[in-house]
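With chain A fixed as given, assemble chain B onto it according to the hints.
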Amino acid sequence: MRNQDLTIDAGPFRVNVSTSDARFLDTLNDFYEHAIWREGPDVFDYGIRIFRPRNLRRWIRPQVLFEIDSRRPFEPHPLENAFPMFEWSLNWCIATSAHRYMMLHAGTVAFGDQALIMPGTPGSGKSTLSAALHLRGARLLSDEFGLVRPETGDLLPMPRGIPLKNASIEAILGFDPAAPLGPTYPKTRKGRVRHLRPDRESQIQQDVPAVPRWLVFPKYEAGAKETLRPLDKTEAFRQLAFNCFNYRLLGETSFRAVDQLIRQMDCYTLSFSNLERAVEQLSALASEPGPAAAGET
Amino acid sequence: MLWVRSGPPAVCRSLGRDTAVFDSATGETHLLTELPALVLSVMDKQAVSVADLIERIAGPVQLATGDENRIVEALSYLESAELVESRSPDRA
Chain A
1 MRNQDLTIDA GPFRVNVSTS DARFLDTLND FYEHAIWREG PDVFDYGIRI
51 FRPRNLRRWI RPQVLFEIDS RRPFEPHPLE NAFPMFEWSL NWCIATSAHR
101 YMMLHAGTVA FGDQALIMPG TPGSGKSTLS AALHLRGARL LSDEFGLVRP
151 ETGDLLPMPR GIPLKNASIE AILGFDPAAP LGPTYPKTRK GRVRHLRPDR
201 ESQIQQDVPA VPRWLVFPKY EAGAKETLRP LDKTEAFRQL AFNCFNYRLL
251 GETSFRAVDQ LIRQMDCYTL SFSNLERAVE QLSALASEPG PAAAGET
Chain B
1001 MLWVRSGPPA VCRSLGRDTA VFDSATGETH LLTELPALVL SVMDKQAVSV
1051 ADLIERIAGP VQLATGDENR IVEALSYLES AELVESRSPD RA
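So the sequence lines, in the order shown, correspond to chains A and B. Here the first sequence stands for residues 1 to 297, where the numbers follow this note's numbering. Here the second sequence stands for residues 1001 to 1092, where the numbers follow this note's numbering.
Same shape as in the complex, but just chain A:
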């Protein structure tokens, strides 16, 4: 198949993808139907090439390479894992370059124009919760990046496929058997992966920022009773700064931005084991009236 170029909007970033892999192209078109430019533009933030190597691994146990601006920062992946490789590699590109924004390691969804931020390390359940809340009608902002414009505190969307790993796949299918999941990638470096496709509305509104309103630090614990506890501002500041990719790099800018976020958001921890009950608790938060008062603990 001949090489094709696609340009995809990923929130504030425009990504050009060049590839001849038909299966990968089909998945991109399926996932980002409402975010793809069919013609132009010619200016983009990241120019990515996904291609097979010109050696034996082109044909035998075929591999695929990721190239960004003529650099190849990663080892080859099996050809069948082109889509998850693209997703993770694009995350790396953004995390290592987009310091115009303060970047939180967080799942983020919006209820109307108000955002719920769920920071957490791998295994905390933030991606699974983001997926479940999105399936119940919340606008998906991102399952991985909380992109904060430091000068305003706005949270910028970047709705992409949510990679569900291993048992999370069954958890989401149990939550919603009709969940629009992509292909199964059984042997990635993170185990078995399937992606949840962001809905049309989230993709169309990806240039509409949200105002941070709730901050919840989730922690999945097998057998735990769903418990949403208020978190004091000091601990919220500590944990939010810890979960910020570029907190130290941005210096005083991120200090002031985290301080402002903590002031304007209601802060909680959430222990959970049952996805349905966790979503009920978080959805109940979103239905509470009125914004938090500035400086309120």
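Hints listed in this document are in silico derivations from the structure and should not be mistaken for laboratory results. Predicted, not measured: the structure shown is a model, and the values here were computed from it. Glycine included, C-beta positions come from ideal geometry on N, C-alpha and C. Heads up, some of the hints might be wrong.
Said to hold, decoys possible - In silico lysine to any residue, SDA-like type, Cα no more than 25 angstroms apart, as pairs:
| # | chain 1 | residue 1 | chain 2 | residue 2 |
| --- | --- | --- | --- | --- |
| 1 | A | 219 | A | 246 |
| 2 | B | 1045 | A | 246 |
| 3 | A | 219 | B | 1031 |
| 4 | B | 1045 | A | 251 |
| 5 | B | 1045 | B | 1059 |
To be verified - Some residues of chain A that are not near chain B, with every Cβ distance over 10 angstroms (derived):
| # | residue |
| --- | --- |
| 6 | 7 |
| 7 | 57 |
| 8 | 80 |
| 9 | 182 |
| 10 | 241 |
| 11 | 279 |
Frame of chain A; chain B shown alone:
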């Protein structure tokens, strides 16, 4: 012993009971409880003794020994965090 804050003024933001402090000299962020935050707030480039600090904080009062020790502990903590420095009087 004298104490001094020789770097640029720290950026302080109240979190209610505690204070978040950004030190542009080191790029570090600190979360201080009430007493260290109070001590830091009255320090500047002029080297001062504990007695001078007490007067800055509370005016001309006589503190109990325990209270003075707590201020010394707060200063030691601030020094370990590189927010203040201690100097012998002949170096002031």
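Now the hints, each set against the structure:
1. Taking the CA atoms of residue 219 of chain A and residue 246 of chain A, the gap is near 23 angstroms; set against the 25 angstroms cutoff, the hint holds.
2. Restraint check for residue 1045 of chain B and residue 246 of chain A: not satisfied, since their Cα atoms lie roughly 31 angstroms apart, outside the 25 angstroms limit.
3. As the CA atoms of residue 219 of chain A and residue 1031 of chain B are separated by approximately 24 angstroms, the hinted pair is consistent with the 25 angstroms bound.
4. Proximity of residue 1045 of chain B to residue 251 of chain A is assessed by CA-CA distance (about 23 angstroms); at most 25 angstroms being required, the pair is judged to hold.
5. Proximity of residue 1045 of chain B to residue 1059 of chain B is assessed by CA-CA distance (about 20 angstroms); at most 25 angstroms being required, the pair is judged to hold.
6. Every beta carbon of chain B lies more than 10 angstroms from that of residue 7 of chain A, the smallest distance being close to 37 angstroms; the non-interface claim holds.
7. With a least CB separation of 44 angstroms from chain B, residue 57 of chain A remains clear of the 10 angstroms interface cut-off, as annotated.
8. The Cβ of residue 80 of chain A lies farther than 10 angstroms from every Cβ of chain B, with a closest approach of about 44 angstroms, so its non-interface assignment holds.
9. Residue-level check passed: residue 182 of chain A sits 40 angstroms from the nearest beta carbon of chain B, beyond 10 angstroms.
10. Its closest Cβ contact with chain B, about 6 angstroms, brings residue 241 of chain A to no more than 10 angstroms, contrary to its assignment away from the interface.
11. With 10 angstroms as the threshold on Cβ separation, the claim that residue 279 of chain A sits away from chain B holds: the shortest Cβ distance comes to roughly 30 angstroms.
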